[in-house]
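Dock chain B against the given chain A, drawing on the hints supplied.
Protein chains in written order, with our numbering: chain A, 1 to 281; chain B, 1 to 364.
Since the hints were derived computationally from the structure, they do not count as laboratory data. Among the hints, erroneous ones may be present.
[Stated by the list, open to error] Derived list of chain A stretches under chain B, where covered just means 3 residues or more per stretch with a C-beta under 8 Å from a C-beta of chain B:
#: 1; region: 181-193
#: 2; region: 245-255
[Said to hold, decoys possible] Distance windows between CB atoms, simulated:
#: 3; chain 1: B; residue 1: Pro108; chain 2: A; residue 2: Thr81; range: 32 to 40 Å
#: 4; chain 1: A; residue 1: Pro168; chain 2: B; residue 2: Ser168; range: 46 to 54 Å
#: 5; chain 1: B; residue 1: Asn164; chain 2: A; residue 2: Leu89; range: 33 to 41 Å
#: 6; chain 1: A; residue 1: Glu130; chain 2: B; residue 2: Glu60; range: 52 to 60 Å
#: 7; chain 1: A; residue 1: Gly136; chain 2: B; residue 2: Arg62; range: 57 to 65 Å
#: 8; chain 1: B; residue 1: Pro108; chain 2: A; residue 2: His56; range: 40 to 48 Å
#: 9; chain 1: B; residue 1: Ser72; chain 2: A; residue 2: Gly19; range: 57 to 65 Å
Backbone N, C-alpha and C define an ideal beta-carbon position, used for all residues, glycine too.
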Amino acid sequence: MKTTRRQRKFGHQLVIYSGATVAVMFCVFPFYYAILTSLRTGQELFLPAYLPNGYHWHNYVVALVDNGIARSLLNSVLVATITVGICLLVSVTASFALARVPFRGRKFLLFTILCVSMFPQVAVLTGMFELVRFLGLYDSLGALVLSYTTFSLPFTVWVLTTFMKSIPVELEEAAIVDGAKTWTIIRRVFAPILAPALVTTGLLAFIGAWNEFMFALTFIISGDKRTVPVAISMFSGASTFELPWGSIMAASVVVTLPIIVLVLIFQKRIVSGLTSGAIKG
Amino acid sequence: MGQLVLDKISKRYGTSSEVIKPLDLTVNNGEFVVVVGPSGCGKSTLLRMVAGLEEISDGEMRIDGVCVNDDSPSERGIGMVFQSYALYPHMTVYQNMAFALEMAKLPPTEIDKKVQASARILQLEHLLDRRPKDLSGGQRQRVAIGRAIVREPSLFLFDEPLSNLDASLRVQMRMEIAALHKRINATILYVTHDQVEAMTLADRIVVLNQGQIEQVGSPLELYDHPANLFVAQFIGSPKMNLIAGTIAETGERETVVDLENRQRIVLPVDTLGGKIGDSVWLGIRPEHVQLIDLAAADVEGEVLFVEQMGNETLLYVNSGYGSEPLVIRLTSRLEIAPDQRVGLRLPTESCYLFEVDGRAFGRI
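Bound conformation, chain A alone (with noise of 0.2 Å):
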């Protein structure tokens, strides 16, 4: 039977929809789950009921003060924000240079931060270690710092070097002529255009050193100096046999909401730093 125009639109319609709710489904329910648990106690953790019965707060006391998740929470914070920060000063300077001053080996030396930052994270720990033992870093924060720059810089830096490449040539010797400096045209003129893409970049270098967990694990051993990752994991319940399920999701909820938060309030500029640059105007 040959179906209307309408219908055959409906249809459309019907399958995105439907695809649409799978996706989402797919990608909310873990956290739908972990805010489920958080907020119940006892025998209820085991039941598999999907819809919430009864809310209990006492998990996230558990968590944030017994566990001592807030400390853990404040030293997160620290480190992720501190490593944006050193990541994001380095990398406009760095890809300014990169993408605007010709120098010998230009091509190579991007071609080699692009191949670092496809090494994976097990096979620098060792180097790492002792980098971190040379410098007296070890059990500090400033290991953390030091070892989540590293692995966030080459993803900035190519990534804002792209950018700063589509930048018209133009713009920067209108701003010479105007009598600007390098390192005015950099925070006057480049930064405020690149704004879409540092703030890409930067919420991603954020997330990563927010959800690390190997060199956390590694370079820390002072309860008071973990961050959230490790000391979820470090979670003890009321005898060794229990996992204190209902706390452990509670802190989790807890740790992710900052970044949704983040993302939420960075959303269009992300959007626009994503696909700006991609097409012309």
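Frame of chain A; chain B shown alone:
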């Protein structure tokens, strides 16, 4: 304020040959000088050297008698208008214009006064709070000019400022630039590849070719007395027709030339520098060729194409001279079909004569 002297300046990249060959040029105070040339002739490089964006390899550049070779662009006291406008996209029109003054560390009240004054000159007052993306092409161009004049430079540099605009806007901006030049009596060095802009705007035109000045002169001087074949063909549109010939008789006031087809023509040209039997090029502009009866024609040929523009008609005639058709430009409307045979007259007073190497014989 504002005399520019280029004293044998040249440009070389690394050890390769010169992009700009040693070149002398003086732009007098208040003069509007246009540099034209085909793309790749080095005109933009020349402008960028004057601006200070490109280093001068050799020679000396002076502004008001002071050597500025080693000065940065901002120290040279120039204002530059870029082809792509190069407005700061994240700043308002006001901020765009104020940026240079901020860099010069002027007090805010002074900055405000100057920006307002420049905005008034360019009729930008109502746009000061907008961002470049909210402006039309012509408005952006005006802001770009505003950014240059706000610093009260002694010399303005324009790098093909109109080539991004559509045709009608281009004509309008051309008039605005001419009016602006009169109003603020600025010294202007203007680069373009468009000879119409050059002819209409310039006090003097510099024709540049392969990094070398071919001729400097007023627009009509270049049109009437081109120094060589290059200038003759570059100025004027459609370009000048050329017919090969040989000198049959030299003279100070009259020269007899045999054309390719043995046709003999007497021109009021001084050929004392030439010899009998020398090969020459006879040039005639499309607008000077006349259409006449076949019987009285100097040259006859077959019409290849007709281009009707409404206000003028272009005929392409295969005359048997060389491989290229003769182009004839008529201001009258004419019903003429391809393949029709037409008679042409080459008025001797409108002919040009060039040596084979391109140098022009003096016209009387």
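Against the structure, the hints come out as follows:
no.	hint	result
1	181-193	holds (count 5)
2	245-255	violated (count 0)
3	B/Pro108 / A/Thr81: 32 to 40 Å	34 Å, holds
4	A/Pro168 / B/Ser168: 46 to 54 Å	26 Å, violated
5	B/Asn164 / A/Leu89: 33 to 41 Å	36 Å, holds
6	A/Glu130 / B/Glu60: 52 to 60 Å	58 Å, holds
7	A/Gly136 / B/Arg62: 57 to 65 Å	60 Å, holds
8	B/Pro108 / A/His56: 40 to 48 Å	60 Å, violated
9	B/Ser72 / A/Gly19: 57 to 65 Å	59 Å, holds
Against the hints set out earlier in the document, violations occur for numbers 2, 4 and 8.
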